[in-house]
Amino acid sequence: MSNYRVQFEVFEGPLDLLLHLVKKEEVDIYQVNLTRIANEFIAYLNQMQELDLEVAGEFVVMAATLIYIKSRELLPRDQQVAAPGPEEEDGDDPRFELIRRLVEYKKFKDAAAQLQSRETEMGFIYEHRPGSLEFAAQTSPRRPEVSLFDLIGAVSSILKRYNTRDAVGEISADPYTVSEKMEELRTLITTRSSFRFSELFAAARSRTEVVVIFLAMLEMIRLKQFFCFQSADFGEIEVSTRPEPVENPPTPPDESIPPSA
Amino acid sequence: MDLKLVIESLLFTAQKPLSPGELRDVLNKAADEDGAEELVRAFKKTPVEKIEEALHELSKEHEAANRTYRLVCIAGSWQFVTQPEFAPWLRAFLGVKNRPARLSQPGLETLAIIAYRQPITRTEIEQIRGVAVDGVVATLLERNLITQAGRAEVVGRPMTYATTPAFLEYFGLAGLDALPDADELRRIPVQRPDSLLTVDPNLATAPPDLASTPPVPMEFGNPEVPSATPTTAPEEPPIVA
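Chains as they are written, first to last, in my numbering: chain A, 1 to 261; chain B, 1 to 241.
Bound conformation, chain A alone (with noise of 0.2 Å):
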């Protein structure tokens, strides 16, 4: 399936192998004689089956398309025959329906160009940062990261507050899912920049929550998404989405993010 992909590396994909055929023409895309493009993609694909390559799905669905286009352009305009299925009515021209994806599928290609640009000068531009200088407010100093012991201790001491185990009854289906849980931290963590840890766990009514939305989190850490550092010894968990202890442990909650994101 993704063999193609080894040796014809520039074609992503039938439409891609199509604009790279279009652009060898130097035409405009609506210029472009579709019936010659058809010989070529063929020819193309014969080279892949002589280089022993499996020839993907996508590939052959379009060349059926372009044997398509250059059949019924075989016939006199008067005897070509409706093409039958709905996508076909009031006269849609399949030549016209490729066009048309071929356009679309140029402009998302040109704005992936651009996006590479920029992610390109990202990597050229530098932040203002002064360092921080040391001044009256100043905050603690860095605090150590938190082992996964600390958290099994952490988790387990919000496990106390609900000691209700469920000794006899029925088996139900799990309410909760990690994925689910790990949605739900995501977008809680947006709002500030850090988190108590047992702030994460307020909202749980169960047990099961509690251990989901702690799995949760685990898979988070794992991500590099979550951050964990511990201010003081015996001090509560502070929980982050960066790598580097925030200045101003919790800040207040109207700090929310900018609203034109």
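Just so you know, the hints here were simulated from the structure itself, not pulled from any lab data. Hints may contain errors.
[What the hints assert, rightly or not] If the Cβ cut is set under 8 Å, some of the chain B residues that face chain A in the computed set are:
hint, residue
1, Arg24
2, Asn28
3, Leu94
4, Tyr170
[Unchecked claim] Calculated pairs, DSS-like style, for lysine-lysine (alpha carbon to alpha carbon, straight line, at most 27 Å):
hint, chain 1, residue 1, chain 2, residue 2
5, A, Lys224, B, Lys44
6, B, Lys60, A, Lys224
7, A, Lys107, A, Lys24
8, B, Lys16, B, Lys44
9, B, Lys50, B, Lys60
[As the list claims (entries may be wrong)] Restraint-style ranges between C-beta atoms, simulated for each label pair:
hint, chain 1, residue 1, chain 2, residue 2, range
10, A, Ser157, B, Val26, 34 to 40 Å
11, A, Lys160, B, Asp181, 33 to 39 Å
12, A, Val103, B, Glu153, 43 to 49 Å
13, B, Lys60, A, Leu223, 36 to 42 Å
14, A, Asn33, B, Leu141, 39 to 45 Å
15, A, Leu223, B, Pro158, 30 to 36 Å
16, B, Glu153, A, Arg222, 31 to 37 Å
17, A, Ser147, B, Asp25, 32 to 38 Å
18, A, Arg161, B, Asp2, 27 to 33 Å
19, B, Glu33, A, Leu223, 51 to 57 Å
20, B, Val26, A, Leu223, 31 to 37 Å
21, A, Leu223, B, Arg102, 15 to 21 Å
It should be emphasised that the depicted structure is a prediction, and the values quoted were computed from it without experimental measurement. The beta-carbon is built from N, C-alpha and C at its ideal position, and this holds for glycine as well.
Since the structure of chain A is provided, determine the placement of chain B on it from the hints.
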């Protein structure tokens, strides 16, 4: 005192990018200090719009002054950054910026489609790109450049995707409106060409009436209504491969 200048001094010394809301909080705090002068108290309750206006003016002034740095807005927060052409020296002085690995071509294309058409389902992305995007979407999710935005109200309730604030930061965009050619790419107008010159001129059967077909502007790609029909051609034609 000019509001612009007060803001400039704050941004100049800030440890992190500041949003207009944060700037407003500082103005209020300064005005509330004991024994604050009239001058300082005058900026209490400055509306955020005024601050935004001042920021844009300030940014223009810096642009016009043609300095080595400029004031930019990234993901809604403002900061001073150097102009890119000074990178060679800054790299030697400060080191290479710590940025994640560059995105692949499929990654960029998929991200561009999501950025302009969000919220969008995976099927819709695949219709535009013409190839499966599962792996790419997973990578973009893992890099936190996109996020699951909800589910589309169509059969199967497929997941929809949207970009995150981290996307704006990564590309240095003020907001989604700052995407280049945003209007055009959200709905791409495609002109039906005067004549579809797809016909081989050697064929005697070229449809003679095509040349007279007037251009029909056409819009498509409504992000709200994911179409259930595939855009590929009908399966009737024989597969010669």
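Outcome of the hint check:
Taking 8 Å as the C-beta contact cut-off toward chain A, the hint placing B/Arg24 at the interface is violated, the least distance being around 11 Å. Among the interface hints, the one on B/Asn28 is violated; its C-beta lies about 12 Å from the nearest C-beta in chain A, farther than the 8 Å criterion. Residue-level restraint check for B/Leu94 holds (minimum Cβ-Cβ distance to chain A is 6 Å; threshold 8 Å). Taken as an interface hint, B/Tyr170 checks out: its beta carbon lies about 7 Å from the nearest beta carbon of chain A, inside 8 Å.
A threshold of 27 Å between alpha carbons decides the hint, and for A/Lys224 with B/Lys44 the separation of about 40 Å lies outside it, so the pair is violated. Of the supplied pair hints, the one linking B/Lys60 and A/Lys224 is violated, its CA atoms being roughly 37 Å apart against a limit of 27 Å. Between the alpha carbons of A/Lys107 and A/Lys24 the distance comes to roughly 18 Å, so the proposed pair stays at or under 27 Å and holds. Simply put, B/Lys16 and B/Lys44 have alpha-carbon atoms about 23 Å apart, close enough for the 27 Å limit, and the pair holds.
Between B/Lys50 and B/Lys60, the direct Cα distance comes to roughly 15 Å. Compliance with the 27 Å bound is thereby established for this hinted pair. Distance hint check for A/Ser157 and B/Val26: the Cβ-Cβ separation is about 38 Å, which falls inside the suggested range of 34 to 40 Å. At about 57 Å, the CB distance of A/Lys160 to B/Asp181 disagrees with the hint of 33 to 39 Å. A C-beta distance of roughly 28 Å is found between A/Val103 and B/Glu153, which places it outside the suggested range of 43 to 49 Å.
At roughly 40 Å, the beta carbons of B/Lys60 and A/Leu223 sit within the given window of 36 to 42 Å. At roughly 41 Å, the beta carbons of A/Asn33 and B/Leu141 sit within the given window of 39 to 45 Å. Checked against the given bound of 30 to 36 Å, the beta carbons of A/Leu223 and B/Pro158, roughly 23 Å apart, lie outside it. Range check, B/Glu153 to A/Arg222: about 33 Å between beta-carbon atoms, so the 31 to 37 Å window is met.
A hinted range of 32 to 38 Å holds for the C-beta pair A/Ser147 and B/Asp25, which are about 36 Å apart. Distance hint check: the CB atoms of A/Arg161 and B/Asp2 are about 54 Å apart, inconsistent with the given range 27 to 33 Å. Evaluation of the 51 to 57 Å hint for B/Glu33 and A/Leu223 yields a failure: the beta carbon distance comes to about 43 Å. Checked against the hint of 31 to 37 Å, the pair B/Val26 and A/Leu223 passes, with Cβ atoms roughly 34 Å apart.
In this structure the supplied range 15 to 21 Å holds for A/Leu223 paired with B/Arg102, their Cβ-Cβ distance being about 20 Å.
Hint violations for this structure: numbers 1, 2, 5, 6, 11, 12, 15, 18 and 19, all remaining hints satisfied.
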